[in-house]
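Participant: If you read the protein sequences in the order shown, they are chains P and H.
Note that my numbering gives residue 378 to position 378 of the first sequence, counting from 1, and the numbers run on in steps of one.
Note that my numbering gives residue 13 to position 13 of the second sequence, counting from 1, and the numbers run on in steps of one.
These are calculated hints, taken from the structure and not from any lab test.
Heads up, the beta-carbon is just placed ideally off N, CA and C, and yes, glycines get one too.
All the given hints hold, so there is nothing to weed out.
Computed far set for chain P versus chain H, every beta-carbon distance over 12 Å:
1) R63
2) E70
3) V74
4) R92
5) V125
6) G126
7) R397
Covered stretches of chain H (in silico footprint by chain P; criterion: 3 or more residues with CB under 8 Å from a CB of chain P, positions within the stretch not fixed):
8) 253-267
9) 270-284
10) 296-310
11) 315-325
2 protein chains.
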Amino acid sequence: MNELASDSHPSSSAGSQKPAGSRAGSRKALAILGSTGSVGEQTLAVALAEPERFSVVALAAGRNIEKLAEQVRVFRPALVSVAEPAGAAALRDALGSVDVEIVVGAEGLDAVASHPADLVVSSLVGAVGLAPTLAAIRAGRDVALANKEVMVMAGALVLREVQKHDVALLPVDSEHSAIFQALAGQRAEDVARLILTASGGPFRTWTSEQIAEATIEQALDHPNWDMGPKITIDSATLMNKGLEVIEARWLFDTQPDCIDVVVHPQSIIHSLVEFKDSSVIAQLGLPDMRVPIVVALAHPERIALDVPRLDLAAIGRLDFEVPDRKRFPCLDLAYEALGLSEAAPAVVNAANEIAVSAFLAGQIRFTQIAETNGAVLNLHASRIGDAQTGADGGSGRLRDLDDVLEADAWSRACARDWLAASA
Amino acid sequence: MNELASDSHPSSSAGSQKPAGSRAGSRKALAILGSTGSVGEQTLAVALAEPERFSVVALAAGRNIEKLAEQVRVFRPALVSVAEPAGAAALRDALGSVDVEIVVGAEGLDAVASHPADLVVSSLVGAVGLAPTLAAIRAGRDVALANKEVMVMAGALVLREVQKHDVALLPVDSEHSAIFQALAGQRAEDVARLILTASGGPFRTWTSEQIAEATIEQALDHPNWDMGPKITIDSATLMNKGLEVIEARWLFDTQPDCIDVVVHPQSIIHSLVEFKDSSVIAQLGLPDMRVPIVVALAHPERIALDVPRLDLAAIGRLDFEVPDRKRFPCLDLAYEALGLSEAAPAVVNAANEIAVSAFLAGQIRFTQIAETNGAVLNLHASRIGDAQTGADGGSGRLRDLDDVLEADAWSRACARDWLAASA
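Bound-form chain P, shown alone:
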């Protein structure tokens, strides 16, 4: 915990952004979905270092019962959720007489998400985080959002629920946190453009021919960030940046043609916002996930964090270039999806998951990832057309979570079929 210096300024609201449950004189009560994952653990580290600021009232984890039991002993939440009944029994055994309610499965996640709290940290990985995040929003909770799938798969639906329930979504990833911070104290109608920075990935300087021959090892060699294999491949295809464009579109309720991407290999400027007077506000820093986590938890305040400081003179130079949409077609597929339908982002995301898995399994070439995504998106476009002319298939509209999951499942099946046919 020594990275967090203690600091206990009184609460105060800042910015035109909605304050996230900050109440003067009281601690911010946290419910954490995915407490044993990386973001969950870092959130708890902040809470431990800042006991005057935060209390932990509910935790949800999956199968890591040992770690969860330790967290319950330290933070004493009122409610805790695990994936399966066997896990619940094991947790009860491990905790002995500790007074905590243990709940299970999808219902357990919903219970943690809607437990009385000032802020729900949504840090489950994958589609399993969708329902509880929606439950938190519908319960009127502000949400610190670390789960990419929520806005990628269900952005249109989530945005409507956020607006309906007037809650704040606080992004927990470096690019969207940068935009969120650049928007502080500004009016939405003064924004001209959001500019996401992209490292460009390991193939930034490669030719199309070289990229076509890229191996798994080469694709996994990311220059700036140490991440899991799926997201590292997404960085190499620029699909990751495309998915971030989709997230930005819904997180900030911004039209796709007002969202740009600039390649910035050093990843020091985390993203920028251009305003209508031509002023550009950017957030910069060394790549460190602790920063966006603490920014979201502390908003609208800030917490002192003992991490290395940005030294621009030591870094020396920052480079920028236009992303090459020909060598990296996945970026345009994301914009295309935003133009197609509310469901199309879920479609391209699901196709991409299947394609990346196939690439990581050695079944397809690197460039077939983009080909798969594009092919499935085309099939989705036809399906919407069929639906409009009275034929079968989805309308492309996301009325509720079922529509999201249907689009996801349809796309996975499509992608598998397409890969089988082209093998």
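We have chain P already, so just place chain H on it with the hints.
Facilitator: Frame of chain P; chain H shown alone:
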């Protein structure tokens, strides 16, 4: 006026910074000190393009009666001030039956400064702007500050008056406007460091030996900004950045050891603020004085401005380096002044004006500018020491404007004596 697109969003307050006289549904009334100068004219261009946002209620100019008469005809202020009685008579002749009160001299400036208005634009050049700017603050007016001398010469005094009368100071220069914008929506106690960027001037890559032989023409050849000769020389010595450090210390009530300077030759990042969680917020843009003017006038809103947009990919790279305090000793002299006394910034500023004039007149070498400034600052330090031990001379404290003007006059005399003695 075609650089200003029309825009009339309803007023609303934003940010934790004090809104500058913005009242929903009413126009912002402007009083302009120095209306015929560059910033004054650009301010009036904004007012002309945005008649739903701004009214012009009072103007002060010097001797450019023809231009002032035209401004009065267009904007119909209630009050106008000129430097001399002869100018007042000429203005009355030129205006015929136009209904406007005409006032004269120092009293006239004070009358314009304290005329009922929502925002006073302080854009006189030099020490003549000090008294009316203080008058505006004491009358409770928010001030858009384009006059560098106000905070350089009288910063400690002005800061006390600003706090006492609870008014907003809105900086009108690219570096301080950048910091002001980076602070929007943030709490003062969360700020760790202000980082001013410096182009480095024309001698950035020169050796000490080359700098010692620099000609007037070489010193006047600024890489990024087209400015007057005095400030261009100040950019070459880095005294300009030192004076900006002094301004930042008082504008943002920040201790000198929390103000840094980084050399950034492209002048695209206009300045940055580091927060205690290590996040850095920066404002970027192409160099264009219209932007900080419009930012100050519109605060807390923004006005659409049809100027070239920043295109980072087209610029390609941004460079940063540590300022060389040996080759450019004026930067440290500014910090030294802030540590010496409240009056020392006025002292180093006045010495610098004398030295730069002597350099531009071909009387001294380039490196003698810094030598003069340093010598006079040393004499000031001795004088404070003498005052503390009961001998004559200033205490170094700025109780009122007289103390500022005394320090300024004393320093000019000192600098002239020193230059004469070393000739």
